[in-house]
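Q: Between the sequences and the hints, there should be enough to build the whole structure, so can you do that?
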Amino acid sequence: MCGQGPVLTLHSQRSRVGPRAKGRGGVRRARAGKRFPLRSAGQPSLLAPALENRAEQSCDSLCRAEEGGASGCLGPEGEEHLGRRSVAPSPLIAASPAPGRHGRIRRTRVSGSARSVHDDLPDPVLIQILASLPATELVHICRLVCLQWKALVDGAALWVFKCQQEGLAREDQVEEDRENWMLFYFLSKRKRNLLKNVFGEDDFEAWEEVENGGDGWKVEEIPGDNGFDFPEDENVKKYFVTSYEWCRKAQVINLQAEGYWEEMMDTLQPSIVVKDWYSSRSDAGCLYELCVKLLSENDDVLAEYRSDTVALPAGRESGWSEISHTFTNYGPGVRFIRFEHGGQDTVYWKGWFGVRVTNSSVMVNP
Numbered sequence: 001m002c003g004q005g006p007v008l009t010l011h012s013q014r015s016r017v018g019p020r021a022k023g024r025g026g027v028r029r030a031r032a033g034k035r036f037p038l039r040s041a042g043q044p045s046l047l048a049p050a051l052e053n054r055a056e057q058s059c060d061s062l063c064r065a066e067e068g069g070a071s072g073c074l075g076p077e078g079e080e081h082l083g084r085r086s087v088a089p090s091p092l093i094a095a096s097p098a099p100g101r102h103g104r105i106r107r108t109r110v111s112g113s114a115r116s117v118h119d120d121l122p123d124p125v126l127i128q129i130l131a132s133l134p135a136t137e138l139v140h141i142c143r144l145v146c147l148q149w150k151a152l153v154d155g156a157a158l159w160v161f162k163c164q165q166e167g168l169a170r171e172d173q174v175e176e177d178r179e180n181w182m183l184f185y186f187l188s189k190r191k192r193n194l195l196k197n198v199f200g201e202d203d204f205e206a207w208e209e210v211e212n213g214g215d216g217w218k219v220e221e222i223p224g225d226n227g228f229d230f231p232e233d234e235n236v237k238k239y240f241v242t243s244y245e246w247c248r249k250a251q252v253i254n255l256q257a258e259g260y261w262e263e264m265m266d267t268l269q270p271s272i273v274v275k276d277w278y279s280s281r282s283d284a285g286c287l288y289e290l291c292v293k294l295l296s297e298n299d300d301v302l303a304e305y306r307s308d309t310v311a312l313p314a315g316r317e318s319g320w321s322e323i324s325h326t327f328t329n330y331g332p333g334v335r336f337i338r339f340e341h342g343g344q345d346t347v348y349w350k351g352w353f354g355v356r357v358t359n360s361s362v363m364v365n366p
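First residue of the sequence shown: 1, per UniProt numbering; consecutive thereafter.
None of these hints come from the bench; they were simulated from the model. It should be emphasised that the depicted structure is a prediction, and the values quoted were computed from it without experimental measurement. The beta carbon of each residue, even a glycine, is placed where N, CA and C say it ideally should be. A few of these clues could be false.
[Stated by the list, open to error] Taking lysine to any residue and the SDA-like style, the derived pairs with C-alpha atoms no more than 25 Å apart in a straight line are: (1) Lys191 x Gly319; (2) Lys237 x Asp172; (3) Lys196 x Gly224; (4) Lys275 x Asn197; (5) Lys196 x Ile141.
[Claimed, not checked] Label-pair ranges, simulated between beta-carbon atoms: (6) Gln164 x Asn212: 48 to 58 Å; (7) Ala303 x Glu201: 23 to 33 Å; (8) Trp261 x Asn197: 18 to 28 Å; (9) Asp154 x Asn298: 33 to 43 Å.
A: Structure, rendered in structure tokens:
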């Protein structure tokens, strides 16, 4: 049962829906002068009338009992507010779905011990119903309805079921498998490559601080002259290639703009996984470097990974290689990720005989 919760009381005096009623759809006036919208005839009601009205009122008024003390109710911030004394639940007024003759509404006074249907649902049934709602509504709206719903949204069972429904977790996984299933859900839904244009399909769009040594960067199609097919993904069809002097390019990722809010990054500190692929030509040696920095709001470097300068000799036949690094326990304050890579050839031939790079990625893992 959803705690005591705020209840809605209407006076039983009959009222008329007629030409003098204001508002679209008709409005009835209770004796106290408050106005309540009517449902149209035949319109189904998924929740009790008291719960329906919550969507149109502020959280403050929702969580205040009519007699002054809201016992076990949730305030606007989801906190529990306890009245100084227990107040017996006020009787609810249940309106029939359709008006009676002459526009009158038939009402039945329900005893205070009677509860709406959703109050009597067991937790497993409520979990299946709530799991069908968008996650943001669960967190920002459903948690404020009552203590029972708050406990379900804050608990693991609802999020395990939601993850399983959406293919983010196996059917045999249980609550104990993870410390925080809610955050696992949000991070899993957001997981994607945060770098843009990593194959060069749009030339150099999204890349910043492009340094063009020698003849500069160029985009070519895989495998290229004296090159190699990409081993893991047939959708990778292009790469960036460097020249006879050092070339580098960078992207800066704004984490908040990508949906990773400050509190999540500061408290959870999810792992940040960086990967890059590089290759040489079979007839020319080259050099490669990768540098990734985690930056604060003021561009202070909070964590950094810098690879060694990788030398790829001429005649190398091993094809494409992957380099990766995972940031963990990097501390609070990370707001940006700066990814930079580059290289050149070692034969100093005019043209584009330097290192080739493609399929770069930066992901925030759950």
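Q: Using the C-beta atoms of Asp154 and Asn298, is the stated range 33 to 43 Å upheld?
A: 34 Å, holds
Q: For the pair we were handed, Lys191 and Gly319, check the Cα-Cα distance against 25 Å.
A: 29 Å, violated
Q: Would you say the C-beta atoms of Trp261 and Asn197 sit inside 18 to 28 Å of each other?
A: 25 Å, holds
Q: Check the hint pairing Lys275 with Asn197 against an upper bound of 25 Å on the C-alpha distance.
A: Since the Cα atoms of Lys275 and Asn197 sit roughly 15 Å apart, the hinted pair holds (cutoff 25 Å).
Q: With the threshold set at 25 Å, check whether the alpha-carbon distance from Lys237 to Asp172 stays at or below it.
A: This hinted pair is violated, its Cα atoms lying about 38 Å apart.
Q: Could you check the hint for me, namely that Ala303 and Glu201 are 23 to 33 Å apart, CB to CB?
A: Cβ of Ala303 to Cβ of Glu201: about 30 Å, so the range 23 to 33 Å holds.
Q: Is the hinted pair Lys196 and Ile141 satisfied, with a Cα-Cα distance of at most 25 Å?
A: Measuring from Cα to Cα gives roughly 34 Å; hence the hint is violated.
Q: Using the Cβ atoms, figure out if Gln164 sits within 48 to 58 Å of Asn212.
A: Between Gln164 and Asn212, where Cβ atoms are some 50 Å apart, the hint holds.
Q: Hinted pair, alpha-carbon criterion (25 Å max): Lys196, Gly224. Please report holds or violated.
A: 22 Å, holds
This entry does not satisfy hints 1, 2 and 5, going by the numbered hints stated previously.
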